[in-house]
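Q: Model the full assembly from the supplied sequences, consistent with the hints where possible.
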Amino acid sequence: MEPGGIMAPGGLAIEGKPAMTGIDPDKVGRYVVMLVRDPLLVYGGDPAEILAKRLENPVLAGKTGLFTTWSGWYKGAHITFVSGGSGAPEAELPLVELMHYTKADTFIRLAGSAAISEEVHSGDVVISSGIVRGDGVSKVYIEPEFPALCSHEVVLAMSKSASDLGCRWHVGVTRCSDCEHVGGGRPAVDGYIQPWHTEIIEYYNRANVLNLDRESSVIATLCTLFQKRGGAVFSIDNNIVTGERFIPGQGHDDSIQVVLEGLANLHNMDVQKEKKNLPCWVPEEIE
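Just so we're aligned, residue 72 is where the sequence shown starts under our numbering, counting upward by one.
Where hints are given, some of them may not hold.
Said to hold, decoys possible - Here are the computed lysine-lysine pairs in the DSS-like style, where the Cα-Cα straight-line distance is at most 27 angstroms: (1) K146 <-> K347; (2) K299 <-> K347; (3) K299 <-> K346; (4) K299 <-> K210; (5) K174 <-> K346; (6) K299 <-> K231; (7) K88 <-> K299; (8) K231 <-> K347; (9) K231 <-> K346.
Said to hold, decoys possible - Ranges of calculated distance between the beta carbons of each label pair, as one might list FRET restraints: (10) E216 <-> K124: 39 to 47 angstroms; (11) T269 <-> P160: 22 to 30 angstroms; (12) Y263 <-> K124: 37 to 45 angstroms.
Don't read these hints as lab results, they were simulated from the structure.
Where a beta carbon is used, it is the ideal one built from N, C-alpha and C, also for glycine.
A: So, in structure tokens, the structure goes:
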């Protein structure tokens, strides 16, 4: 605690390490991928540990009862995978520690999701361009009118990889909510639901929102607020509007590859940008 009982920036520490993640800051890469230990995605183990096997020279960067962190390299990009629980309040914990203690400047949400647009189908990949802030955590940081933007560099890098990989992909807005059931228009215990809950899906469908999520808004909001780069990539495993039934892990390997290749693209974009001393990446030519 600092004088006056105010907690020091970055939160608590245990034996000199951030308490929530236990990370060694020197082992954390520039590009962070945030994961949920989601049984719906059928990882077959802790997702950070599983996905780290796709990296070169993977190392354990931190492990606590809440979060597991692995780092490694992919085509020149130093990537860190962080796995933990679900929801924006849970995502805030590693996000703040990573922003405070490390030099990471890019944070990507990789997850499965339900579509609410007729144009998006099971097995597709959605790359978020922005997030509807339906969570509670981001509202504590800043007024609701403040935008949850996804970095245009992240969107371009991910779009390029999705196109090159030949998967079905979309770019658009994602809605994030803390509430899994009635907050997504689904009945809860004993069929409990209120009239306004039943209007949620149709409301955002008419607004051309593509899919639903539980973590991305706090990531995009804090990245926008603290001048980092945020983004989100989703595999679609069901569609609430069209009735396409849930299939565990549908399309998720595509979304994983989109993120890995996208971060390799982003690394190359960063090298070009820094070599030319530009404030943001711009294409060489526009034909």
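Q: Could you run down the list of hints and mark each one as holding or not?
A: Hints versus structure:
no.: 1; hint: K146 <-> K347; in the structure: holds (21 angstroms)
no.: 2; hint: K299 <-> K347; in the structure: holds (20 angstroms)
no.: 3; hint: K299 <-> K346; in the structure: holds (20 angstroms)
no.: 4; hint: K299 <-> K210; in the structure: holds (18 angstroms)
no.: 5; hint: K174 <-> K346; in the structure: holds (19 angstroms)
no.: 6; hint: K299 <-> K231; in the structure: holds (21 angstroms)
no.: 7; hint: K88 <-> K299; in the structure: holds (22 angstroms)
no.: 8; hint: K231 <-> K347; in the structure: holds (21 angstroms)
no.: 9; hint: K231 <-> K346; in the structure: holds (21 angstroms)
no.: 10; hint: E216 <-> K124: 39 to 47 angstroms; in the structure: holds (42 angstroms)
no.: 11; hint: T269 <-> P160: 22 to 30 angstroms; in the structure: holds (26 angstroms)
no.: 12; hint: Y263 <-> K124: 37 to 45 angstroms; in the structure: holds (42 angstroms)
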